[in-house]
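Participant: The lines below spell out each chain.
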Amino acid sequence: MHNRFSAASIALVLLAALPAPAQQPPAGGGFPAYKPPHMADGHPDLNGLWQSFVTANWDLADHEAQAGPHAELLGAYDAEPAGQSIVEGGEIPYQPWALQKKKDNFKNRITADVSSDEKWHALGDPEFKCYMPGVPRATYMPFPFRIVQGSSPYILMAYEFTTATRIVRMNWKQEAPAPSWMGWSRGRWEGDTLVVDVTGFREETWFDRAGDFHSDALHVVERYTPASPYHLMYEATIEDPKVYTRPWKIRFPLYRRMEPNAQLLEFKCVPFTEELLYGRFRKPGFQAAPEGGVR
Amino acid sequence: MSRLASIIVVAALSAAAQTPTPAKKTVAAKADAGKKPPVFRTPWGDPDLQGVWNDATSTPLQRPGGVSAKDVLTDEEAVDFQSDLANDLSRDRRDGGPEADVNRAYNEHWMDSRRLKITSDHRTSLIVDPPDGHIPALVPLSPERRKTRADRAAANARFNAGLPADFSDMSLPVQCIIRTDSPPYLPTIYNNDFQIFQSPGYVVIAPEMIHSARVIPVDGRPHLSKNLHQWLGDSRGHWEGDMLVVETTNFRTDDGVIFQGANPATFRITERFIRVDATSLNYEFTVEDPTTWSRPWTARIPWNKIDPEEQMYEYACHEDNYDMIHFLSGARAREQREGK
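Residue numbers (the working numbering), protein chains in the order written: chain A, 1 to 295; chain B, 1001 to 1340.
A couple of the hints might just be wrong.
Stated by the list, open to error - Derived EDC-like pairs: lysine to aspartate or glutamate, alpha-carbon spacing no greater than 20 Å straight-line: (1) A:K173 <-> B:D1320; (2) B:K1070 <-> B:D1080; (3) B:K1226 <-> A:E259; (4) A:K283 <-> B:D1151; (5) A:K173 <-> B:E1310; (6) B:K1226 <-> A:E266; (7) A:K173 <-> B:D1307; (8) A:K283 <-> B:D1307; (9) A:K119 <-> B:D1323; (10) A:K102 <-> A:D113; (11) A:K283 <-> B:D1323; (12) A:K249 <-> A:E88; (13) A:K283 <-> B:E1309; (14) A:K119 <-> B:D1320; (15) A:K102 <-> A:E88.
As the list claims (entries may be wrong) - Listed next, the stretches of chain B that the computed footprint assigns to chain A, with coverage defined by at least 3 CB atoms under 8 Å from CB atoms of chain A: (16) 1170–1180; (17) 1196–1202; (18) 1222–1234; (19) 1269–1280; (20) 1321–1329.
Just so you know, the hints here were simulated from the structure itself, not pulled from any lab data. Idealized CB from N, CA, C, for every residue including glycine.
Can you make the complete structure from the sequences, with help from the hints?
Facilitator: Have a look at this one:
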């Protein structure tokens, strides 16, 4: 007892000797205060090709490096990288039934059966089937996206993955006219932060390959804040009273792609899924023409 | 949601080539001769093309028979031409038997009513060069390309007979791989909206018929390396006065990628966009391929802002491509029933 007390005292003394932590970090999170250049309308210029470098597309929460679902075929090729949670507080606050569904989703993540309308969307990660990723997943997939901000009431977000697109309508009143994969995005400026309120989601998108999911009641509020000429801080508050016990937040930086020839390339992934989804309906013995034609 | 309707129209647009007549040099897309276009500029000084545009028209790509050789009609002639075309496209006919009736009624459900009007300048074809309004004659094709075309025709025949053998029998639009996002842009039965976005150094065109954004750098950067190929190719634009001129290269070589089955190795496409007034722009494309057509050819399609409230909505294609399963599982069931 005596010894342990001494050890604790020494630790406290050592801690006190460390330099005091910096002042509360600014909105940029770890970045010094930054005043971005503005466009003609007085708002920050978010144009550019952006990409995240988190591993949240595998799992929003803490995850250890692990074998992929087909290690026996693919070895280290489909192994999954380790990563720290980007969820504030670490865990997604699921209602108990929903936590079980997330686990079932994970189990079925590489299962697809489009032979019946009921199973069409019930099985498999939408990413696996090349479906539009939804929000916020599109922002942390391992692909870049381009923000196109001009002088109209619209900002376009064009994603490389399955060439998904989404139009942000600025200061817009009209509610979502119909549910959609990428949701109905309405934007506004709060100082130098672009705030995007997204509703009108279809329920089928997932947040990651770990099976994290939501319902049609999903409401996402995103915040894009310039943190340097080369970084945006991204934050999203996720609310869905049908699935979670309270709203929760994710937060990570976006990096500007700096290669002089950087551009959005094409990832039209439908052809990569057709054998998986439709191969079973082929006429027995039919020989399909080789991909690529005459080159 | 079925896409068969649009496919029928796309197929109709790719009608067989006709004999050309010698032609004079094309006039580039311009506002009507003599009228100087008003200046629409972005805050950073580029011509301003931003907005939601619609390119629907009933004016066919090629001049149909029956309108003589006139390229532009009088007001009176235009009324008849428009009503004939609308009649051809609409359901109110009973000359094709019950199956055709059902198809027309089905297509009518999707029909964009703006698709039933001819261009406001009363032209009889979208093709402005050659002056006869027809796609130039084909040159003799290599044996490989004749085989590719024959394979495609056989696949289309299986599909049309309700017996597609495989997903690869479907056209790229039915597979939801490329639709109206690939140049050149031509009107179809529905979803004729395009939204143009601009930012310093970029023009971006998003069609409503499928989700994809065609990013066109206008900052002078070179094309992608010749080792990289894309379904939509690789576009670069530049301004010639108020006109946006776009060249697209680096197309993939899969059958169906290049407009009208032209040869990826020799195909060239140039598109021109020019603002005419607050609610219209002229879109023009010139295609050339000496291993496919006997001469280059050019079409002009007006793009209109039909309604200031017009909005683009998400079009999920592959995500709910029930057609694919219904066509294929239907074909297998039919074969089983008929003992094939």
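Participant: Each of the hints needs a verdict: does it hold here or not?
Facilitator: Verification of the hints:
Taking the CA atoms of K173 (chain A) and D1320 (chain B), the gap is near 29 Å; set against the 20 Å cutoff, the hint is violated. For the proposed pair K1070 (chain B) and D1080 (chain B), the alpha carbon gap of about 14 Å is at most 20 Å, so the pair holds. Of the supplied pair hints, the one linking K1226 (chain B) and E259 (chain A) holds, its CA atoms being roughly 18 Å apart against a limit of 20 Å. With a C-alpha separation of about 16 Å, the suggested pair K283 (chain A) and D1151 (chain B) falls inside the 20 Å cut-off, and the hint holds.
A threshold of 20 Å between alpha carbons decides the hint, and for K173 (chain A) with E1310 (chain B) the separation of about 15 Å falls inside it, so the pair holds. For the hint linking K1226 (chain B) to E266 (chain A), the alpha-carbon distance of about 15 Å falls within 20 Å, and the restraint holds. Pair hint K173 (chain A) plus D1307 (chain B) holds up; C-alpha atoms about 18 Å apart against a cutoff of 20 Å. Between K283 (chain A) and D1307 (chain B) the CA atoms are separated by roughly 47 Å; this puts the pair beyond 20 Å, and the hint is violated.
The suggested pairing of K119 (chain A) with D1323 (chain B) holds, with an alpha-carbon distance near 16 Å, which does not exceed 20 Å. As the CA atoms of K102 (chain A) and D113 (chain A) are separated by approximately 19 Å, the hinted pair is consistent with the 20 Å bound. At most 20 Å may separate the alpha-carbon atoms for a hinted pair to count; K283 (chain A) and D1323 (chain B) meet this at roughly 17 Å. For the given pair, K249 (chain A) sits about 5 Å from E88 (chain A) by alpha-carbon distance, which is consistent with the 20 Å threshold.
Taken as a hint, the K283 (chain A) and E1309 (chain B) pair is broken in the structure, with Cα atoms around 48 Å apart against an allowance of 20 Å. Simply put, K119 (chain A) and D1320 (chain B) have alpha-carbon atoms about 12 Å apart, close enough for the 20 Å limit, and the pair holds. A hinted pair counts as satisfied when its Cα atoms are at most 20 Å apart, and K102 (chain A) with E88 (chain A) qualifies at roughly 19 Å. Coverage of the stretch 1170–1180 of chain B by chain A holds [criterion: at least 3 residues with CB-CB distance below 8 Å; count 4].
With a threshold of 8 Å between beta carbons, the proposed coverage of the stretch 1196–1202 of chain B by chain A holds, since 5 of its residues qualify and at least three are required. Counting residues of the stretch 1222–1234 of chain B whose beta carbon lies closer than 8 Å to any beta carbon of chain A gives 6, which meets the minimum of three for the stated coverage. Judged by the Cβ-Cβ criterion of 8 Å, the stretch 1269–1280 of chain B is not covered by chain A as claimed, because only 0 of its residues qualify and three are needed. Restraint check on the stretch 1321–1329 of chain B versus chain A: 5 residues with Cβ-Cβ distances below 8 Å, three needed, restraint holds.
Hints 1, 8, 13 and 19, counting from the list given before, are not met by this structure.
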